[in-house]
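Enquirer: Going down the list, the sequences are from chains V and Z. With my numbering as the guide, the letters of the first sequence map in order to residues 1 to 610. With my numbering as the guide, the letters of the second sequence map in order to residues 611 to 830.
Bear in mind the hints are in silico, worked out from the structure with no lab data behind them. The structure presented is a predicted model; accordingly, all values stated were derived computationally and were not measured. Beta carbons are placed, not taken as given, at the ideal position from N, Cα and C, and that holds for glycine. Any given hint could turn out to be false.
To be verified - Calculated pairs, DSS-like style, for lysine-lysine (alpha carbon to alpha carbon, straight line, at most 27 angstroms): (1) Lys755/Z x Lys14/V; (2) Lys752/Z x Lys14/V; (3) Lys3/V x Lys779/Z; (4) Lys14/V x Lys757/Z; (5) Lys14/V x Lys810/Z; (6) Lys3/V x Lys804/Z.
Said to hold, decoys possible - On the chain V side, residues computed to face chain Z include the following (Cβ under 10 angstroms): (7) Leu9; (8) Ala244; (9) Val248; (10) Asp256; (11) Ala299; (12) Gly302.
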Amino acid sequence: MDKRLERILPRVQKPARYTGGEYNAVMKNRDEVEVRYAFCFPDTYEIGMSNLGMRILYGIMNEMEGVWCERVFAPWGDMEEEMRKSGMPLYALESGDPIRDFDMVGFSVGYEMAFPAMLNMLDLAGIPLRTEERTALSPIVYAGGSAMYNCEPIAEFIDFASIGEGEDSTVEVIELYRRAKREGWDKPRFLREVAQIPGIYVPSLYDVSYNDDGTVAAITAKDGAPAKVTKRIVQDMNKAYYPAKTIVPTTEIVQDRVSLELFRGCIRGCRFCQAGYIYRPVRNRDPELCAEYARQACADSGYQEMTLSSLSSSDYPGLLPLCDELEPFCEGRHINMNLPSLRADNFSMGLMQRLAKGRKTGLTFAPEAGTQRLRDVINKNVTEEALMQSCATAFAGGYNAVKLYFMLGLPTETDEDVLGIAEVANHVVHCWRENAANHNRGLRVTVSTSWFVPKPHTAFQWEAQIPKEEYERRVELLRGAMKAKAVTYNWHAPDTSFMEAVLSRGDRRLGKVLYRAWELGSKLDAWEDYFSLERWMQAFADCGIDPHFYANRERSRDEVLPWSVIDCGVREDYLWNERQRAYEETTTPDCRSACGACGASRLIGRKCDG
Amino acid sequence: MAKLRMKFIKEEQAAWISHLDLMRTFQRCFLRAGLTVKHSQGFHPHPLMSILLPLSVGQSSVCELLDFETVEDVDTEALIRSMNEGMPVGIRVLECYDVTRPVRELKVLHARVEFEYDGGVPADAQEKLRELFSRESIIIQKRTKRKAMADVDIRPMLEEVLFAEEEDKLILTVRVQAQDPGLNPALLATAVEKELPELKPDFVRVRRLALLDGAGAEFR
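Chain V on its own, in the form it takes in the complex (with noise of 0.2 angstroms):
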């Protein structure tokens, strides 16, 4: 072990995240490895760890001849305050090695807010932060996740984004540098090379130009590169890689438990929703297939908890069968499963009865909206009859407690749909009151509201954030109404969802504030922790950009959006008719009822499995 590192990890909070080592962690043997990986994840060990994202990359990447993939994550505060002080530089987790030795540095980015600490981690590599300043060939610094569908405000960090799943795209995008690396190419070279991979995006390859106004005037390619990167998908998910045999941790992570994907993509359209539409078209995983994963990543890892994660898991065809599949197995192991994200409206006794057997806590269910009118106008389909009836079929069984996610500051939103939260909830207490298998033990109702971020790729991209004041009035507004006792009401803060509709529909020139607001010492910003919202500011002043400009404008239909080279399948006149029916009250029925035509299915060419 590294002598500085040895004497630095006494000092710092849960030293075990620093030192790799775990079960299932890849070792090669330098000698024989061509390319070098450092797979960088801006955020903590125990975030990082739980993205099934990366445990697939990772396996995929090393499963590669020749390359070595290795872990890097963001040191907490005390760690990065030790390493700074004892000269360590960013190192990777199995070899402990430098990361500004290797060949490629590629980060997943899944959230805005991690973009200062993505910054931040190429200073405690020692990498130049500028793609400008990088003028090698290695190491070449790109992105992907989620966050990429709009990475402008990063586009002077990077030297190219990977857009959509990178199963496919990660493996070319490696085989055209390890040619690169053979022939000798300069980064100029390799830049318009891999600007031709399919979902490869090279920012230095568009001109913007601006109107007087501040919007965007034009984007235009050059050097040969797309007018439009359309994101990769995997075709088939029976043939998808699924990591069953994946690194265990040895210090509990956020999501510590087998997380089994059962499929892509989600059948409802809420118009709020980026996951919703970015991760279309619908694919599928066959449940014999799933059940044959869950075994041997159960068997593999030892654990005991395993979750059926997608982004609607109780809207997946086969689950029924896949639990009945299931339970004997981890009856035997002592395996709890559970399921992240149910729908109030096909939450049934068959379901509860095959999850959790013998822990019943709670129940978390996300109406967003407090009236049916503005459920119809986010396209959430859920009545408040449906949620009711789960609501009885969980008590019935012996829950007693359940936690309501709302949001406030959506659009056409109006007092009455504020106050119509505090009736759902006072329903939900009425609800309890007649159905619960046993009242001594009391209820828990937990509201929670936040704030609305319009994102990028959605039918509200158009939408101007309502003003932070006007959400703190409706924020009052509804906790005075909060009586019933047995209900607690939790609302967000709203600094960093400012941030957040800043940052998630910036354009280029926002690269220059996120340059100052590292200066001035943004890193973690996605934790409450590190949050600063006063240093944000005075990085805005600094460079005279006005924030609200990007968060509280509304964009008009003929706008050209900074995110507008990304083609995430979904047509942009599919989103705007979908915001012209928000506008309406009209709902649109899922992709199982109806397929609406929304473009995505030509990435697979067929009928999406909605």
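Chain V is fixed; fit chain Z onto it per the hints.
Expert: Relative to chain V, chain Z alone:
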């Protein structure tokens, strides 16, 4: 059904695994190896296993002991083999056998304590430390379970200290009381820091070498 004891090494990266995480790691490793550890009765059953004298985070050991109960009879040789295939780097199971001796017969901990001096070991260090550890009492401040600080005399728990020097290290080979109460060998450095601040080492490394009974034989 059997009550078994497992002897294992915990070193390198694994030295940084906390006690709770180590229990989890073993639990999963047993399942990987296909072994069912007996569980307690009750609403939240937990596996019946315990580690004797949990090791401080950062210290290494070649003599850790884990007691556990199984539902079925066990082929211990095969179990050791499959356990070692599924362990994180730095943990290796050495032996597995039926429990015959009660834990209370474990009396003495044999350990190696390295004091690192970046500027070289001070010339008079050995002599002064020898004098310190032969005093009649050595009072240090120790955090109690209630998080308060308390004075503790470590001298009665200290049976033997042997010295050796190696490059920039002063090596103490110690025998200390193992339990009721036990002495963490790292506290020797605390004593030095308090009584001889000028000899405070730049880094302290602790490695457990053996667990002994009252007669000085290996406790098994």
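Enquirer: Output the indices of the hints that this structure fails to meet, ascending.
Expert: 8
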